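There are 2 protein chains.
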Amino acid sequence: MDDPVLLTGAGGAVGEAILEGLEEDYYWKLLFHNPPAEQPNHEYHIGDVDNPDDVREAVEGVGAIIHLAGDPRPEAPWDSVLSNNIDGTQKIYEAAVEAGVEKVIFASSNHAVGSFETDQRTPEMYRPEDDFRLDGTEFPRPGNLYGVSKATGEVLGRHYHDKYGIKVCNIRIGNLTRGHPPIDYERGQAMWLSYPDCAHIHQCALEADYEYETVYGISDNDRKYYSIEGAKEALGYEPQDNSAEWQGDEKVVGPDA
Amino acid sequence: MDDPVLLTGAGGAVGEAILEGLEEDYYWKLLFHNPPAEQPNHEYHIGDVDNPDDVREAVEGVGAIIHLAGDPRPEAPWDSVLSNNIDGTQKIYEAAVEAGVEKVIFASSNHAVGSFETDQRTPEMYRPEDDFRLDGTEFPRPGNLYGVSKATGEVLGRHYHDKYGIKVCNIRIGNLTRGHPPIDYERGQAMWLSYPDCAHIHQCALEADYEYETVYGISDNDRKYYSIEGAKEALGYEPQDNSAEWQGDEKVVGPDA
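Going down the list, the sequences are from chains A and B. With numbering that gives the first Met the number 0, you'll find the first sequence wraps up at 256, consecutive numbering, no jumps. With numbering that gives the first Met the number 0, you'll find the second sequence wraps up at 256, consecutive numbering, no jumps.
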């Protein structure tokens, strides 16, 4: 991707992981919801994703969009996800089509499929001896209204892809933490996404050639209930991290142990 | 279903077909968007589905909801489907859970899968010699933003079913016309839903025992690219009509020919 890349939701954790890993690799344009605490090293805008003028200005001149902006709270109330996540994502696609953007990478979420974690399946499905696995061919089963908004973002992408040919990759992001995997939280360990793997999967999605994909974005954890085969095949994703190599905040296996 | 049934969007064509066929079979409660031209024979309310107070009042005391209300135009603009169709459907589910409603039947649409009708497939897929068929196990591919709103209604139902146990049936309604099938419109003939079959499938959905279903609502047309097997199996649907029995507005095959 030689053209500038717009990163929306640049002030969030996923945006932070992406910029830390890929700062030098792209000409970035950043969209913040609130003024950033520190002056960014890149062109940036402050605006609301559900404001068409803000979005049009941010999208102008970019070749791809990594769309992270939205209310990130799993417990976010409906009104907030309706405007920030659903309406905001439609505005991004509308502006992308208008500006001739080639590709949109959409931050979907594990919460789009949260209801597969039934009382019958948990907590066993978080553990190595269990073999339940989702591969992205299943229908969404959102565990909360935030998850509904993410599933809706995926279907918006399907529509804009089919109608206008824009390339779309939905990444159902797991549990992103800096440094080490979540501690004392089996679910989060099974869907851990390290900062380096987060940057890497987004770079893969920027560089790979595809039409419309929905993949899981997690590290190569020993225990996982999301398949990473889709991301490997469609994007060439090669994760480097694995939550099983850690005990608490200490790495016990692998090169840095 | 012995408890009252709420019919939202009671002033529309689908509501008309349902009331004509099932007027005597249920204790109806009707929700209109605009005051009806004639005084209804049933308890009725006038209100907006995206107004929580209007919805709460309408939902009170009912055992099931047939939710038809929304902007019915395939070309409806985003702002309208966002509020009337997406937000309105969430409000219905929220009120249904609060009031302990047992079942919601949601008027989804052929437009939720409209993008399967590609330039490569059409117009051949509308014709008897073609065997392309969707069966409801495919992901939505909305052909327009109205279709996006219907796919979102389906996923809202999935969430409210998984989280609260409410029974949900999404009916992807074809092309409903009174009397005879659409004339000189192959697509509409292949997805024709007659008025009697429309009433019948909604009665089946009110009476059958299921958890969460997504079915196609069309008559038993010779040429169809939507399977009706799902509706037969899950709901016991037995359609009586077939667009192939008609030439223009005249029935040429069958009992009334």
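By construction, these hints were calculated from the structure, which means they are not laboratory data. Keep in mind that this is a model prediction, so the values were computed, not measured. Quick reminder that beta carbons are idealized off the backbone N, C-alpha and C, glycines included. A hint or two may mislead.
[Claimed, not checked] Facing chain B, according to a computed beta carbon distance under 7 Å, are these residues of chain A, among others:
no.	residue
1	PRO35
2	SER79
3	LEU81
4	ASP86
5	GLN89
6	LEU133
7	PRO141
8	VAL154
9	ARG157
10	HIS158
11	VAL252
12	ALA256
[Stated by the list, open to error] With the C-beta cut set under 8 Å, the calculated list includes, among others, these residues of chain A facing chain B:
no.	residue
13	LEU21
14	HIS41
15	ARG55
16	ARG140
17	VAL147
18	LEU155
[Claimed, not checked] Label pairs and their computed distance ranges (CB to CB):
no.	chain 1	residue 1	chain 2	residue 2	range
19	A	VAL96	B	VAL251	41 to 49 Å
20	B	PRO127	A	GLU206	40 to 48 Å
21	B	PRO73	A	ASN50	24 to 32 Å
22	A	THR121	B	GLU74	42 to 50 Å
23	B	TYR209	A	LYS231	52 to 60 Å
24	A	ILE45	B	GLU97	43 to 51 Å
25	B	GLU137	A	PRO254	43 to 51 Å
26	A	GLU206	B	ASP24	37 to 45 Å
Lying within 42 to 50 Å: is that true of the beta-carbon distance A:THR121 to B:GLU74? holds (44 Å)
Holds or violated: is there a CB of chain B closer than 7 Å to the CB of A:VAL252? violated (37 Å)
Let's test the interface hint: is any C-beta of chain B closer than 7 Å to that of A:ALA256? With a minimum Cβ separation of about 40 Å from chain B (threshold 7 Å), the hint on A:ALA256 is violated.
Does A:GLN89 pass the interface check with chain B, least Cβ-Cβ distance below 7 Å? Holds, about 6 Å.
Confirm or reject the claim that B:GLU137 and A:PRO254 have a C-beta distance inside 43 to 51 Å. holds (44 Å)
So, as I understand it, the hint says A:LEU133 touches chain B; can you test that by seeing if any CB pair is closer than 7 Å? Cβ of A:LEU133 sits 14 Å from chain B, so the hint is violated.
Holds or violated: A:HIS158 as interface residue toward chain B, Cβ cutoff 7 Å? holds (5 Å)
That 43 to 51 Å hint for A:ILE45 and B:GLU97 (C-beta), does it hold up? The hinted range 43 to 51 Å is violated for A:ILE45 and B:GLU97, with Cβ atoms some 38 Å apart.
Should the hint that A:LEU155 touches chain B count as held when the rule is a Cβ pair under 8 Å? OK, holds: A:LEU155 within 8 Å of chain B, min 6 Å.
Should the hint that B:PRO73 and A:ASN50 are 24 to 32 Å apart at their CB atoms be regarded as holding? holds (27 Å)
Let me know if the C-beta of A:VAL154 comes in closer than 7 Å to any C-beta of chain B, holds or violated. holds (5 Å)
Taking 8 Å as the limit, does the beta-carbon of A:ARG55 come near enough to a beta-carbon in chain B? Violated. Min distance 15 Å.
Of the numbered hints given earlier, the model fails hints 1, 2, 6, 11, 12, 13, 14, 15, 23, 24, 26; all others are met.
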